[in-house]
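So the chains spell out like this:
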Amino acid sequence: MKRRTLLVMGLLLGLGLSQVNPFRARLEAALHGGGHEFARVMLAQDKGQALCSQYRDRLPPDLVPQFLAEQKALIKYPKDGKLLGDWKNGEKVFTDPKRGNCYACHAGDPKEVAFGTMGPSLTGYGQRGTSEPVVRYTYEKIYNAWAFVPCSLMYRGGVHGLFTPEETADLVAYLLDPASPINRR
Amino acid sequence: MRLKAWQVAGLMALWVLAFASAQEGVDPREEAKRQKQLLLETSGILPTELVVEQGKELFQRKGPSGKTMAECDFGLGKGVLEGAAARLPRYFLDTGRVEDLDSRILTCMTRVQGYKREQIRRSEVVAVAFYIASKSTGKKIQVRLLFPQERELYALGEKLFYARSGARDVGCATCHVTYVGKRAGVLPYADVLGKDQSWTHWPAYRYSNDQIWTMQDRIRACYGNIAHPAPDLYSLPILALEVFLAYRNNGAVVEEWPAFVR
Numbered sequence: 001m002k003r004r005t006l007l008v009m010g011l012l013l014g015l016g017l018s019q020v021n022p023f024r025a026r027l028e029a030a031l032h033g034g035g036h037e038f039a040r041v042m043l044a045q046d047k048g049q050a051l052c053s054q055y056r057d058r059l060p061p062d063l064v065p066q067f068l069a070e071q072k073a074l075i076k077y078p079k080d081g082k083l084l085g086d087w088k089n090g091e092k093v094f095t096d097p098k099r100g101n102c103y104a105c106h107a108g109d110p111k112e113v114a115f116g117t118m119g120p121s122l123t124g125y126g127q128r129g130t131s132e133p134v135v136r137y138t139y140e141k142i143y144n145a146w147a148f149v150p151c152s153l154m155y156r157g158g159v160h161g162l163f164t165p166e167e168t169a170d171l172v173a174y175l176l177d178p179a180s181p182i183n184r185r
Numbered sequence: 186m187r188l189k190a191w192q193v194a195g196l197m198a199l200w201v202l203a204f205a206s207a208q209e210g211v212d213p214r215e216e217a218k219r220q221k222q223l224l225l226e227t228s229g230i231l232p233t234e235l236v237v238e239q240g241k242e243l244f245q246r247k248g249p250s251g252k253t254m255a256e257c258d259f260g261l262g263k264g265v266l267e268g269a270a271a272r273l274p275r276y277f278l279d280t281g282r283v284e285d286l287d288s289r290i291l292t293c294m295t296r297v298q299g300y301k302r303e304q305i306r307r308s309e310v311v312a313v314a315f316y317i318a319s320k321s322t323g324k325k326i327q328v329r330l331l332f333p334q335e336r337e338l339y340a341l342g343e344k345l346f347y348a349r350s351g352a353r354d355v356g357c358a359t360c361h362v363t364y365v366g367k368r369a370g371v372l373p374y375a376d377v378l379g380k381d382q383s384w385t386h387w388p389a390y391r392y393s394n395d396q397i398w399t400m401q402d403r404i405r406a407c408y409g410n411i412a413h414p415a416p417d418l419y420s421l422p423i424l425a426l427e428v429f430l431a432y433r434n435n436g437a438v439v440e441e442w443p444a445f446v447r
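Just so you know, the protein sequences line up as chains A and B, in that order. In this text, residue positions in the first sequence follow the working numbering: the first is 1, and each later residue adds one. In this text, residue positions in the second sequence follow the working numbering: the first is 186, and each later residue adds one.
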């Protein structure tokens with residue numbers, strides 16, 4: 001008897017879960033009203049984006065550890081394992097609005113006057129040296145900023161493929177290489 | 186209109202001034218006022234005034250049905266324009282939809298004036314929006330959430346405003362709430378829900394690139410700036426964001442419509 005009740009309950013639950021949520025369907029229809037490309041990007045929110053949207057950038061403390069761990073797991077590394085690449089190519093990625101677009105928020109080369117103030121200045125970033133922990137932190141922060149600060153403004157350029165792992169290593173070099181304009185005096 | 190050499194020089198000087206002063210981080214509102222004064226002194230008439238006049242002409246033009254736009258109801262009754270734009274967007278019983286200024290003009294031109302949708306140029310809609318909005322200068326924003334359709338759009342607009350999506354991981358609130366006052370380009374991010382009352386800044390003429398925009402264009406450009414596909418003109422997501430923004434700016438007094446902004 002008990003087993004039968006369980007079976008019926010299980011069936012009902014399955015039926016309930018298999019139905020498309022009417023609210024979700026309405027939302028999808030509304031978004032498609034704005035064009036399919038717009039709807040596609042809006043509906044393709046990943047788990048991290050959905051959480052940051054839901055909590056309006058202020059993630060509850062108990063969710064932070066798992067959030068950071070999941071973001072860290074998204075980081076990919078160059079095949080040759082070298083996290084410090086070529087600063088000259090890094091400069092190209094740094095300035096390219098379609099890739100790094102870093103000047104939108106950060107100061108960098110002191111000669112560049114058109115920079116945003118959303119993020120901290122990166123001029124002289126190389127004073128931290130090129131020890132393994134500094135290189136690794138810099139690499140991971142650039143590749144996926146949310147692995148360190150949940151819902152920070154800095155977008156996850158590596159995760160979204162705006163630059164490759166190799167290009168991320170080049171960006172690291174642009175920040176850390178003593179010969180880079182970021183560090184030249 | 187052919188520009189005289191001194192006028193060209195004046196315009197170029199304006200450009201240089203606009204650029205130079207932007208670098209110094211002056212208050213953008215004060216700067217816009219100064220630019221407006223300069224432009225007025227140089228050319229004797231403001232671009233906003235020209236577009237309003239053009240909109241007035243279009244408003245009084247007879248459509249295929251023989252009717253002018255004075256036969257349309259913009260929310261306060263047939264032909265009543267005084268303060269009408271300050272109460273939009275709102276739900277309209279005749280269409281069964283929530284409409285903002287842009288979409289209500291479209292409704293007027295198609296349903297009342299008899300134009301076909303594809304005959305209507307965007308620039309005409311914007312000009313008429315400039316004219317109708319000009320009748321709300323000095324009025325208070327009064328947007329209500331009376332009908333379920335209005336409440337539903339407000340909820341969607343709020344959701345979109347705080348959504349973080351796309352390859353740049355950002356959304357409206359990221360800059361316009363969390364990073365207010367900081368800047369990515371030349372201008373600091375406006376506090377659109379708070380003290381800047383950005384809803385009252387559009388429709389506007391942008392002197393930095395000589396464009397006439399309604400809030401619909403402004404919202405689409407915001408998405409463009411974050412490399413995110415923009416919602417189509419007159420579409421539900423734009424309307425939803427507008428209902429949210431307008432409602433949150435309720436009580437704000439329209440300093441001048443159409444506005445004059447960078």
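Just so you know, the hints here were simulated from the structure itself, not pulled from any lab data. For every residue, glycine included, the Cβ atom is placed at its ideal position computed from N, Cα and C. Watch out, some of these pointers could steer you wrong.
Rough simulated footprint, nothing fancy, chain B against chain A, three-plus residues with beta-carbon under 8 Å [stated by the list, open to error]: (1) 35-42; (2) 49-61; (3) 155-165; (4) 172-182.
Computed cross-link-like contacts, SDA-like style, restricted to lysine to any residue with a CA-CA straight-line distance of at most 25 Å [what the hints assert, rightly or not]: (5) K76/A <-> Q66/A; (6) K367/B <-> P97/A; (7) K263/B <-> L231/B; (8) K344/B <-> K111/A; (9) K141/A <-> K344/B; (10) K79/A <-> A352/B; (11) K247/B <-> V265/B; (12) K47/A <-> H361/B; (13) K111/A <-> K247/B; (14) K301/B <-> H32/A; (15) K241/B <-> N394/B; (16) K367/B <-> K76/A; (17) K47/A <-> K263/B; (18) K367/B <-> P213/B; (19) K367/B <-> M154/A; (20) K72/A <-> K263/B; (21) K367/B <-> R58/A; (22) K344/B <-> K79/A; (23) K92/A <-> A412/B; (24) K367/B <-> S53/A; (25) K367/B <-> F115/A; (26) K218/B <-> A412/B.
Checking against the hints above, which ones are violated? 4, 7, 8, 9, 13, 16, 17, 20, 22, 26
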